[in-house]
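Asks: Protein sequence lines correspond, in order, to chains B, Z, X, V and R. As numbered in this note's numbering, residues 1 to 316 make up the first sequence, in order. As numbered in this note's numbering, residues 1 to 206 make up the second sequence, in order. As numbered in this note's numbering, residues 1 to 301 make up the third sequence, in order. As numbered in this note's numbering, residues 1 to 311 make up the fourth sequence, in order. As numbered in this note's numbering, residues 1 to 439 make up the fifth sequence, in order.
Accuracy of the hints is not assured; some may be wrong.
Straight-line C-alpha distance at most 25 angstroms; calculated SDA-like pairs for lysine to any residue [stated by the list, open to error]:
no., chain 1, residue 1, chain 2, residue 2
1, X, 255, X, 241
2, B, 306, R, 141
3, X, 207, X, 223
4, X, 163, X, 234
5, V, 68, X, 140
6, Z, 100, X, 8
7, B, 306, R, 404
8, B, 306, R, 401
9, X, 55, X, 244
10, X, 255, B, 306
11, V, 86, X, 276
12, X, 31, Z, 6
13, X, 163, V, 32
14, Z, 63, Z, 6
15, X, 34, Z, 6
16, V, 151, R, 361
17, V, 45, V, 111
18, V, 116, B, 223
19, X, 154, X, 54
20, X, 128, V, 72
To give a feel for the contact side, a few chain V residues facing chain R, derived at Cβ under 10 angstroms [claimed, not checked]:
no., residue
21, 275
22, 277
23, 280
Interface residues of chain V toward chain Z, partial, derived using beta-carbon atoms under 8 angstroms [as the list claims (entries may be wrong)]:
no., residue
24, 141
25, 144
26, 196
27, 216
28, 218
29, 231
30, 296
What the hints contain is simulated information worked out from the structure, not anything from laboratory work. Just so you know, even glycine gets a beta-carbon here, dropped at the ideal spot from N, CA and C.
Here is how the chains run, residue by residue.
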Amino acid sequence: MWTVLACLMPPLILSVFIFGIQTLIITAVSVISCVLVEAVSQKALGRPITIRDGSAALTGVLIAFVIPPGVSYLLPVLGAVMAIYIGKHLLGGIGYNIFNPALLGRAFLLATFPVAMTSAWLPPLHDLAIFSYLGSGVDAVTAATPLAVMKEQGMAAFTQAFGSGAGLYTSFFLGWRPGCIGETSGCMIVLGGLYMLYRGYITWHIPVSVLGTIALLSWIFGGEALCSGDPLLAVLSGGALLGAFYMANDYVTSPTNKTSQLIYGVGIGALTVLIRMKGGYPEGICYAILLMNPLSSVLDSFFKPKRFAPPVGGDK
Amino acid sequence: MTNTKSIGQLLSRGILSENPIFKLALSMCPAVGISTTVMNGVMLGVAVFFVQVFSSVTISLFKDQIHPRIRIPSYTLTIATWVTVIDLVLAAYMPGAYAKMGIFVKLIVAFAIITMRLEMFACKEKVKDSFWDGVGMGLGFLVGMVVIGFVRELLGSGTVLGYDVLGFKPLLFFILPCAGFFVVGLMMAFFNWIEVFYKQKRGVRS
Amino acid sequence: MKDIVSIVFRLTLTCLMAATVMGVAFIVTNKAKKHNEHVREERTMYALLGYSEAKPAPASVVLHQIYRYIITEGEVQFVSYLIPTGSGKPGVSNAYSLVSLDLQGKLVDQKPVAIDGEKIRGREDRDKAVIAVAGSGKDVRFADHTIIVTENGKRIAYLLGGKFPGFKTFIGVMLALDPQYTMVGMEILEHEEDPGLGAEIEQDYFKNQFQGKAFSTLKGLKVVKEPLPAEYQQALEGGIAEADMARIMEQYKEKDIYALTGATISSRSVTDGVKGMVKKFAYRLDILDKVLKEQQIAVSF
Amino acid sequence: MRMKLRQLILLAFVLLLPGVLQAADLIKKTSFSGTNEMKVLFTGKVNAAIAGDASRYTVYEENDPDIKLALAAATITDEGRGVTLKFAEPLNSANTHVVSIRNLNGEGAVDFKVSKSYLGYLLSILISAMLINNFVFTKYLGLCVFFGTSKRKSTAKGMGVVFTIVMLVSASMSWFFYQYILIPFNLNFLQIVVFIGLVSLTVQAVDTILRKVNPVLFNSFGVFLVLVIANCIIIAVPLILANNNYNYLETFMLALGAGGGFLLALYLMSSVRERLEIAMIPASFKGLPIAFIVAGQFAMAFLGFSGLKLF
Amino acid sequence: MNSLLTFPLGGVHPPEAKGQTAGLAIERMPVPDELEIILGQHIGAPCTPTVKKRDVVVEGAMIGEVQKGLGVPLHSPVAGTIKDFGMSAHPMRVTSPSITITVDHAAIPATYPRNDWSTLTVAELLGRVHDAGIVGIGGAGFPSHVKLKPPPDAKIDKLLLNGAECEPYITADHRQMLEHAADIVEGAKIIVKILGIQECIIGIERNKPDAIQTMSEAAQAGSTAGCRISVQALQVKYPQGSEKQLIQALTGRKVPSMALPSTVGVVVHNVSTARAICDAVVGGKPLYEKVMTISGGGITRPANLLVKVGTKASDIVAYLGGVKPELAKVIMGGPMMGFAVSNLDVPVTKTTSSILFLTEKEIDTRPHSQCIRCGWCLEACPMGLEPKEIGVFVEANRAEDTAQFGVFDCFECGSCAFICPAKRPLVQFIRLAKMKAKR
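Produce the complete structure using the sequences and hints provided.
Replies: Encoded structure:
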């Protein structure tokens with residue numbers, strides 16, 4: 001858990017330079033409330049208190065990562081209650097939750113504060129003025145996320161707002177675009193993800209299948225005509241990378257079998273593209289993962305690990 | 001089931017110990033579905049109340065005439081009749097409230113609680129007892145709906161019975177469909193917890 | 001065997017009894033129900049005109065229903081209006097005429113329609129009457145329903161209902177215009193937008209923005225993605241003194257519509273929808289008025 | 001039973017085909033795109049000079065033949081097989097539009113209607129009932145049975161399949177009764193009694209037939225038949241179709257969607273509850289309360305489908 | 001030596017930690033004053049004593065015998081007097097019946113002159129193996145003569161000698177292969193003759209290059225036309241030394257669930273068992289001594305010891321200069337499959353291959369937490385089982401429902417528990433599950 005947390009630190013630090021110091025405050029509030037809620041729930045339910053295993057802190061960071069940078073500090077607190085108490089401890093604590101707690105928290109916040117969660121975006125900073133959004137500054141500025149612009153105003157407006165070509169990819173890859181706190185800087189997420197892959201904490205199956213499906217389907221259906229979408233843009237915008245590396249890969253809520261992991265990833269990718277293009281929200285990976293979460297145990301029951309050798313005459 | 005039950009017992013059973021929503025967990029659909037405001041809860045609760053009372057009384061009145069083999073169809077017919085009547089009356093005289101409740105009024109016909117009371121109580125007991133049993137159950141349902149409606153309305157829109165009490169909308173979530181599940185689930189757990197708590201307390205005392 | 005007879009007998013009896021109860025209930029409630037069907041709609045209309053239960057509309061205010069039909073005969077299409085030619089007072093048996101215009105706005109014919117004043121509000125009865133007048137072999141299709149409001153015979157407002165696609169499904173609205181087609185008010189009748197987002201279109205601070213927009217402004221109305229100024233919001237929500245309110249409303253009269261935060265698409269849908277409705281209505285009413293004037297057709301409005 | 005389902009699907013397909021072949025010979029597909037665009041796809045290559053000439057088009061809403069819509073541009077697409085019409089003002093896609101092209105095919109004009117496709121509409125009824133407005137998670141119907149039979153995956157599957165079949169049959173019968181008996185004879189107020197009666201009848205019929213035809217199947221699925229009556233979805237679907245004046249195809253789609261959605265919800269829920277059975281749930285939450293909480297979480301996940309516009 | 005072989009499914013790479021003892025020659029431990037010989041030394045029925053209290057026995061004399069069922073005789077490791085019949089501490093079963101012998105230090109150690117076995121019949125050979133009390137020394141303790149008499153319908157074509165020694169720390173087999181290579185090859189030849197086959201493969205993990213070298217030379221020297229003995233180097237992967245995994249690595253054959261290796265035409269013996277068979281057949285020496293590895297950071301002087309069966313762990317500790325203060329856990333057997341012992345009075349049995357004295361640093365003392373479904377155990381399990389599910393079911397008191405996960409296929413290699421990031425005692429869960437699911 002602590003390693004995963006460490007992998008999430010680079011995007012967090014970069015987010016301070018992209019959106020200002022308040023991202024750090026939101027993350028801190030989120031982490032502290034998650035840890036507190038975890039401790040209180042465990043105390044109330046008479047379980048050993050395990051806040052030191054880092055799982056609550058990780059959920060806290062992830063909740064902060066999937067909310068816009070301009071929201072009130074109250075939001076992560078409420079999200080923490082939903083994620084940790086309702087989403088995790090009522091179902092039996094760590095390991096038994098069906099849905100990814102952080103995303104459950106986000107879904108709850110999106111339903112409760114739809115305006116803040118869909119409009120509190122901030123234009124990225126370019127001058128290291130990391131304190132400029134603190135205090136009253138937040139209300140005055142708004143921005144639209146790339147996917148929202150694409151969905152509501154079309155590709156032309158997108159190009160006008162974010163440019164095109166290599167510059168666009170670079171700024172998106174680095175993270176200089178409006179978006180949730182932790183989702184923008186593709187480079188840092190990929191870096192952390194690759195480190196986790198290298199250390200063997202995760203396998204390639206889920207991230208590759210999720211991102212591959214998103215890229216493929218966006219290429220096929222994403223453009224004006226068939227097969228004219230921009231796969232790279234689809235992967236870099238929204239929370240695709242964060243979702244693929246840190247949310248979809250969550251051990252507890254994803255399948256354990258490799259085959260089911262691939263199917264699970266493809267399902268997430270397909271649902272993401274479906275919601276992005278036809279659904280009610282500009283970004284769909286949050287709901288795509290939530291919708292696939294309950295399927296992970298179903299998939300695992302279909303694809304059992306390959307047994308060494310079945311008994312003679314088959315299983316009894 | 002003992003034959004002699006006081007009115008108080010019959011009432012309290014329906015409202016507390018065998019509350020159709022929190023204890024028997026029957027007829028959950030409206031409890032989750034339209035309990036976004038107290039008023040909705042009251043309206044449907046009243047509708048269910050009348051259907052329950054009328055059906056209980058009807059079945060109790062005709063219990064000797066009902067052939068045991070067509071028991072269930074008779075119950076269904078009776079309930080459907082009374083639901084139709086209530087439905088028509090509401091549609092005619094309270095169109096505003098009726099529009100809000102959608103098809104849930106008509107769906108009272110599929111409520112397990114009503115059939116269950118008819119089968120377990122009204123077909124055996126005296127008219128008066130059946131009446132009070134129906135009243136108890138109907139009230140129990142009403143109370144459940146009001147409680148859930150109160151929580152959801154207060155938290156969701158900051159109002160009670162339409163009157164603004166908080167002055168702001170705390171958590172929009174609670175008037176959304178999915179919150180109904182959470183509220184009912186948490187309340188059921190709360191009632192379970194109270195029961196266990198009191199049993200323990202009583203156990204300690206005795 | 002005896003059992004079966006008994007069962008059948010009792011079941012029949014039960015059914016009969018049930019049917020009796022339901023039948024009685026139906027008969028007793030039917031009239032009230034029919035009466036109530038239009039009450040809500042009418043209440044909305046009166047509310048848009050500024051009347052309420054505390055301040056009921058005077059008897060001199062009359063709502064004149066106009067029903068538009070499209071009649072197709074082969075390749076030729078007419079636009080026909082079912083208009084009241086009598087006094088127009090509800091409850092009084094009215095005379096109605098079907099005035100048919102060709103697509104260029106020339107009068108084709110005018111025929112009286114025999115229909116009762118109350119019955120005209122029921123779709124089936126009305127359609128039947130129009131088909132009977134239009135003659136056989138023609139395709140008659142109901143298009144829309146608008147209301148012209150007069151006070152002492154003088155036009156004071158138009159009410160028009162309409163439906164257009166919103167962010168999710170359709171949004172149904174009713175608009176009130178003054179005789180110069182300036183928006184008097186708008187009411188959202190139905191929608192399935194997201195709570196907290198698109199559903200905010202039914203809030204005063206959004207729908208009242210349309211109030212007072214002149215036809216000229218309305219024709220070019222757009223949606224701007226700017227935060228709603230605080231004073232304007234106060235004025236729209238009606239929490240301030242009347243004089244201030246009038247001043248502020250006047251100040252923002254020619255401004256575009258401020259989009260709802262997080263629900264630009266819904267805001268734009270409503271704006272575009274309203275714009276289209278008013279433009280069409282104004283175009284048609286001008287033609288109709290011209291024809292009625294030229295042909296000296298006596299109408300009740 | 002699976003065979004029967006397949007036949008029903010096949011039947012539905014055959015019945016739906018005319019919807020696909022709706023437009024005139026020349027026009028293959030029409031659709032709205034964006035707020036002020038319309039796309040037309042022809043069956044073959046068309047004369048680009050004519051099809052690309054905006055002045056040759058006349059477009060109006062079906063109900064407003066007197067008001068012609070101003071066309072900004074007509075652009076040839078799809079290698080000469082299609083044309084995109086761009087309008088000056090946003091279109092009201094709620095209404096059917098009539099497009100007429102002069103001299104496209106020699107003499108005279110080619111007229112065709114552009115509206116949201118009917119097949120798409122049917123499918124959207126199905127998808128809506130199944131996912132977007134899932135009867136269990138967003139409309140809260142059938143909860144008693146839902147919580148009662150979602151403890152085991154096998155039970156859930158059985159219940160879902162039986163329910164879907166009974167639903168299809170009873171909804172079809174209800175539609176027939178409603179359209180040909182209740183409406184003509186002005187007996188609408190009897191709908192509750194009639195619908196519940198038809199449901200009971202269907203259940204009884206399926207029970208009898210199954211018992212005779214396939215006793216093995218009956219043994220595994222028969223127990224669920226009784227429960228079907230207590231499920232409010234089964235009575236809600238006829239009521240909805242009566243309310244919305246659906247035709248038969250729409251009714252069929254609604255019933256299929258409702259049944260499929262119920263099956264899906266049951267299956268997902270049961271797989272989750274099997275997992276919860278071995279979890280350490282707090283004592284007062286054991287059983288129904290936690291099932292409700294999980295259902296709420298499902299409902300939150302299903303929010304993702306909200307606003308889904310496939311067609 | 002062709003490309004390195006291994007088994008394909010699962011497996012883990014625990015730190016080898018063999019360096020402490022790999023270079024140490026086998027050293028004979030002086031006999032302590034008293035031995036406690038547990039009667040149930042092997043799988044099958046425990047022995048019944050054939051001696052009485054105060055009987056005087058000589059080294060190698062039979063002191064116990066199995067009267068009914070599967071088993072082999074038990075021999076006295078020393079000359080001495082039967083002191084008592086009592087209960088001894090037992091690593092797995094808490095206590096177990098045993099015979100206590102007071103050692104007669106004055107007695108002359110027995111000698112076993114080598115004699116020619118080539119004239120003996122198969123039945124005679126088998127008799128010697130049985131009479132010498134030989135069981136599978138590798139771990140399970142299965143009576144060897146039974147393994148050498150495969151069911152008549154099995155077509156055996158290969159003998160595999162297991163020199164993989166995949167458990168960390170243990171170097172007993174390694175040292176024996178270095179020091180007694182010829183005996184091992186001789187033993188292999190005896191087994192080959194008993195089985196009536198012609199081929200023997202010795203599998204050794206490549207982290208013991210010196211053993212591979214020595215054994216290859218010995219195998220070459222010992223091979224004859226009718227008996228080809230070869231050495232095969234294996235990849236280093238735990239649990240290579242498990243019977244089914246070794247068979248798959250060396251022959252590619254898969255032993256079906258709940259079946260014996262003979263169903264795929266293979267017989268597997270440990271290298272040290274082969275040596276014991278050689279000693280029994282060639283010298284007539286019963287199995288009463290054992291080469292063991294004593295290792296770990298908690299013991300003052302790690303060693304490879306030749307120990308008499310019945311020597312208590314405490315005696316070994318005393319001989320090796322005592323334990324260090326940082327000792328945290330004593331394990332009998334390997335760190336993966338062995339049992340933690342809380343009592344150093346546990347006597348050594350025929351199957352004890354090591355005693356490890358581990359320090360805080362060498363073990364993970366963190367408390368275990370709930371399963372987070374990471375699925376690592378699924379990948380580690382060489383049998384393709386789902387240890388996480390079994391663990392969760394056991395924790396939920398539903399151990400009896402675990403047969404669906406193939407819990408009986410598990411041979412408790414401990415790969416899952418080793419890899420588990422939550423440090424869940426999965427092997428203990430599985431043992432519990434096996435106990436309950438049987439019922």
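Asks: Confirm or reject each hint.
Replies: Outcome of the hint check:
Of the pairs offered as hints, the one joining residue 255 of chain X and residue 241 of chain X holds, with about 22 angstroms between alpha carbons and a cut-off of 25 angstroms not exceeded. Taking the CA atoms of residue 306 of chain B and residue 141 of chain R, the gap is about 29 angstroms. The hint is violated against a cut of 25 angstroms. For the suggested pair residue 207 of chain X and residue 223 of chain X, the alpha carbons sit about 13 angstroms apart, so the restraint of at most 25 angstroms is met. For the suggested pair residue 163 of chain X and residue 234 of chain X, the alpha carbons sit about 29 angstroms apart, so the restraint of at most 25 angstroms is broken.
Taking the CA atoms of residue 68 of chain V and residue 140 of chain X, the gap is about 20 angstroms. The hint holds against a cut of 25 angstroms. Distance check on the hinted pair: residue 100 of chain Z and residue 8 of chain X sit about 40 angstroms apart at the alpha-carbon level, beyond 25 angstroms; violated. In summary, the hint linking residue 306 of chain B to residue 404 of chain R is supported, as the alpha carbons are separated by about 14 angstroms, within the 25 angstroms threshold. Restraint check: the Cα-Cα separation between residue 306 of chain B and residue 401 of chain R comes to about 20 angstroms, which is no more than 25 angstroms; the hinted pair holds.
Between the alpha carbons of residue 55 of chain X and residue 244 of chain X the distance comes to roughly 23 angstroms, so the proposed pair stays at or under 25 angstroms and holds. Between residue 255 of chain X and residue 306 of chain B the CA atoms are separated by roughly 69 angstroms; this puts the pair beyond 25 angstroms, and the hint is violated. The hinted pair formed by residue 86 of chain V and residue 276 of chain X meets the criterion: a straight-line CA distance of about 17 angstroms does not exceed 25 angstroms. Of the supplied pair hints, the one linking residue 31 of chain X and residue 6 of chain Z is violated, its CA atoms being roughly 42 angstroms apart against a limit of 25 angstroms.
At roughly 17 angstroms between alpha-carbon atoms, residue 163 of chain X and residue 32 of chain V fall within 25 angstroms of each other, so this suggested pair holds. This hinted pair checks out: residue 63 of chain Z and residue 6 of chain Z have alpha carbons roughly 21 angstroms apart, not beyond 25 angstroms. A threshold of 25 angstroms between alpha carbons decides the hint, and for residue 34 of chain X with residue 6 of chain Z the separation of about 44 angstroms lies outside it, so the pair is violated. For the suggested pair residue 151 of chain V and residue 361 of chain R, the alpha carbons sit about 46 angstroms apart, so the restraint of at most 25 angstroms is broken.
Pair hint residue 45 of chain V plus residue 111 of chain V holds up; C-alpha atoms about 17 angstroms apart against a cutoff of 25 angstroms. The hinted pair formed by residue 116 of chain V and residue 223 of chain B meets the criterion: a straight-line CA distance of about 21 angstroms does not exceed 25 angstroms. In summary, the hint linking residue 154 of chain X to residue 54 of chain X is supported, as the alpha carbons are separated by about 24 angstroms, within the 25 angstroms threshold. Taking the CA atoms of residue 128 of chain X and residue 72 of chain V, the gap is about 40 angstroms. The hint is violated against a cut of 25 angstroms.
Contact between residue 275 of chain V and chain R, as hinted, is supported at the beta carbon level, the nearest pair being about 9 angstroms apart and thus within 10 angstroms. The closest approach between the C-beta of residue 277 of chain V and any C-beta of chain R is roughly 7 angstroms, which is under the 10 angstroms cut-off, so the hint is satisfied. Residue-level restraint check for residue 280 of chain V holds (minimum Cβ-Cβ distance to chain R is 8 angstroms; threshold 10 angstroms). The restraint placing residue 141 of chain V at the interface with chain Z holds, with a minimum CB-CB distance near 5 angstroms, inside the 8 angstroms limit.
With a cut of 8 angstroms, the hint placing residue 144 of chain V at the interface with chain Z holds, because the nearest CB-to-CB distance is about 5 angstroms. Interface restraint check for residue 196 of chain V: the shortest CB-CB distance to chain Z comes to about 5 angstroms, inside 8 angstroms, so the restraint holds. Contact between residue 216 of chain V and chain Z, as hinted, is not supported at the beta carbon level, the nearest pair being about 27 angstroms apart and thus beyond 8 angstroms. Given the 8 angstroms rule on beta carbons, the hint for residue 218 of chain V is violated: about 20 angstroms separates it from the nearest Cβ of chain Z.
At its closest, the beta carbon of residue 231 of chain V sits 7 angstroms from a beta carbon of chain Z; the interface hint therefore holds under the 8 angstroms criterion. Among the interface hints, the one on residue 296 of chain V holds; its C-beta lies about 3 angstroms from the nearest C-beta in chain Z, closer than the 8 angstroms criterion.
In this structure, the hints that do not hold are numbers 2, 4, 6, 10, 12, 15, 16, 20, 27 and 28, in rising order.
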